Amino acid sequence: MTLYLAAFYAYPLYRNVELSLREYTVRSFVQGGAPFAGLDNYRAVLTDPAFGPTLTHTVVFTAASLAFQFTIGMALALFFYKHFPLSRTLRALILVPWLLPLIVSASTWSWMLNSDSGLVNTALGVVGIGPVNWLTSPGWSLTSVIIANIWIGIPFNLVVLYSGLQAIPTEMYEASALDGATGWQRFWGITFPLLRPVSLITLLLGLIYTLKVFDIIWIMTKGGPTGSSATLATWSYRLGFGNLLPEFGPGAAIGNLLIVLALIAGLLYIRIERRQQLR
Amino acid sequence: MTTSTPRAWWKTGVGLVLTGLMLFPVYWMINVSFTRDQDMRATPPHLFPTNGTLDGYRAVLDQQLPYLGTSFLVGLGTVALTVALAAPAGYALAKLRPPGGPALSFVLLIAQMIPGIIMAMGFYAIYLTLGVLNTLPGLILADTTLAVPFAVLIFTAFMSGIPDELLQAAVVDGAGRLRTFWSVVLPVSRNSIVTVSLFAFLWSWSDFIFASTLAGGGDHQPITLGIYHYIGNNNQQWNAIMATAVVASIPAAVLLILAQRYVSMGVTAGAVKD
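Sequence lines, in order, name chains A and B.
Each residue of the first sequence is one higher than the one before, counting from 95 in the numbering used here.
Each residue of the second sequence is one higher than the one before, counting from 86 in the numbering used here.
Think of the hints as simulated: they come from the structure by calculation, not from any bench.
A quick note: this is a predicted structure, and the numbers were derived from the prediction, not measured.
Among these hints, one or two may not hold up.
Covered, in the sense of this in silico footprint (three residues per stretch, anywhere, with C-beta under 8 Å from a C-beta of chain A), are these stretches of chain B [as the list claims (entries may be wrong)]:
| # | segment |
| --- | --- |
| 1 | 99–107 |
| 2 | 142–151 |
| 3 | 184–195 |
| 4 | 198–206 |
| 5 | 285–297 |
| 6 | 309–315 |
| 7 | 334–347 |
Virtual Cβ for every residue (Gly too), placed ideally from N, Cα, C.
Produce the complete structure using the sequences and hints provided.
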């Protein structure tokens with residue numbers, strides 16, 4: 095196992111760090127002898143005019159996705175926690191968006207958000223709002239990929255929060271019902287505080303996952319137009335594989351910046367998880 | 086609260102609406118896959134495939150079968166390799182308590198957090214030198230990295246629950262470590278094997294980043310690339326694109342129906358989707 099980890103995680107990671115420190119071209123991959131460039135790639139990336147906006151997009155994309163996924167997921171979890179006929183089946187069906195290949199979800203949303211004949215614009219037209227160029231205008235492209243990503247993330251939040259709800263002892267609700275607490279009071283007084291550990295884990299897992307999101311954005315907008323929906327992940331991919339002349343060095347450098355972010359989130363996750371197990 | 090009072094049925098109604106809203110894009114994908122080219126840009130769009138056509142599906146059969154076959158092979162390969170690697174590792178971590186075990190679990194957790202693009206670049210660099218770029222085994226190996234850390238953690242969690250007496254009984258009967266693993270541990274771990282296989286298959290089936298970086302130039306391309314090229318080459322035949330999407334979603338749908346229980350189990354066990 096250690097061997098597998100070393101061969102299939104550590105080695106690619108090492109190569110990636112190496113990539114980021116050298117000046118690679120396709121030819122020097124095969125023949126070797128890429129000149130050592132030190133931190134030049136990092137400097138190039140950090141001083142690139144695209145760096146600021148891309149970082150902002152990554153933050154906005156992550157924050158907006160998390161906020162909506164979590165809120166909607168929580169609302170659905172609370173709703174489906176009540177037993178009623180078919181609740182189990184419906185809950186299972188809601189998992190579908192999460193299980194679909196991302197390319198499928200992304201292409202479906204691309205078509206629904208199509209400017210000329212997409213369903214969304216038609217629906218907006220009915221209520222009198224003119225067509226929006228969802229995917230092709232710099233002002234809307236980020237919103238579009240966020241909408242798609244929220245949709246994909248809701249089921250995950252639903253399932254994890256639902257399992258958190260199941261762990262809350264029912265006696266607490268019975269006691270509060272005797273005290274005459276309203277539904278809203280019960281939510282803020284019992285459910286929310288008791289669900290806090292699970293919520294934290296859900297949000298952190300969501301954060302780690304959202305930082306990695308690449309497929310949806312790449313398939314829907316390729317990070318464009320003019321970089322208006324690019325995140326660190328798509329930028330890194332564009333540099334490495336999106337052009338005829340790949341720039342692996344800077345691409346890998348961005349990747350490594352991204353991994354630092356993900357690792358910080360990861361370490362936080364592990365800390366919180368540990369602390370909960372100690373209780 | 087399990088009795089079906091009128092109030093409960095009212096909730097079912099709301100539940101149906103909510104589920105309907107969530108699944109609407111899926112319905113729309115299916116609807117468009119049956120829509121004729123000339124109706125595609127109709128205003129208002131047809132909410133039902135009236136004058137439905139199977140053209141889209143005909144195009145899938147004509148053009149996408151090789152891609153589907155590749156995805157299937159890659160999926161099976163990934164499942165086999167993942168289980169073969171992760172089950173013994175999980176057993177070792179759960180029961181044999183090797184030195185460095187906790188550290189290894191920690192590394193596995195971290196490994197799940199590495200963004201795919203970084204792995205893809207690393208693999209690309211290695212594969213180019215080794216000459217396994219654009220090969221099936223290369224893609225399978227890369228895809229296992231999506232599932233192996235998750236799989237080991239699931240196996241470890243599950244196998245720690247196997248009572249020690251059961252294993253000791255096997256040892257008393259004269260079974261060695263390997264034999265105990267094979268004829269006692271594996272059979273009782275069936276549930277976790279199903280969960281792991283399910284996720285390994287789904288993840289490799291929907292993998293796009295490894296496919297496009299490591300197999301994008303080869304003869305064996307999975308269905309995710311099939312759809313991607315399709316969108317790139319013609320953005321007119323949306324019924325064919327959506328038909329391919331429907332076909333590509335079938336494994337997910339089938340697995341969901343067959344293995345509902347395992348899916349929820351996997352998610353709650355802390356599955357981080359790539």
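- Sort out which numbered hints this structure fails and list those numbers smallest first. The structure conflicts with hint 2 only, although it agrees with all the remaining ones.
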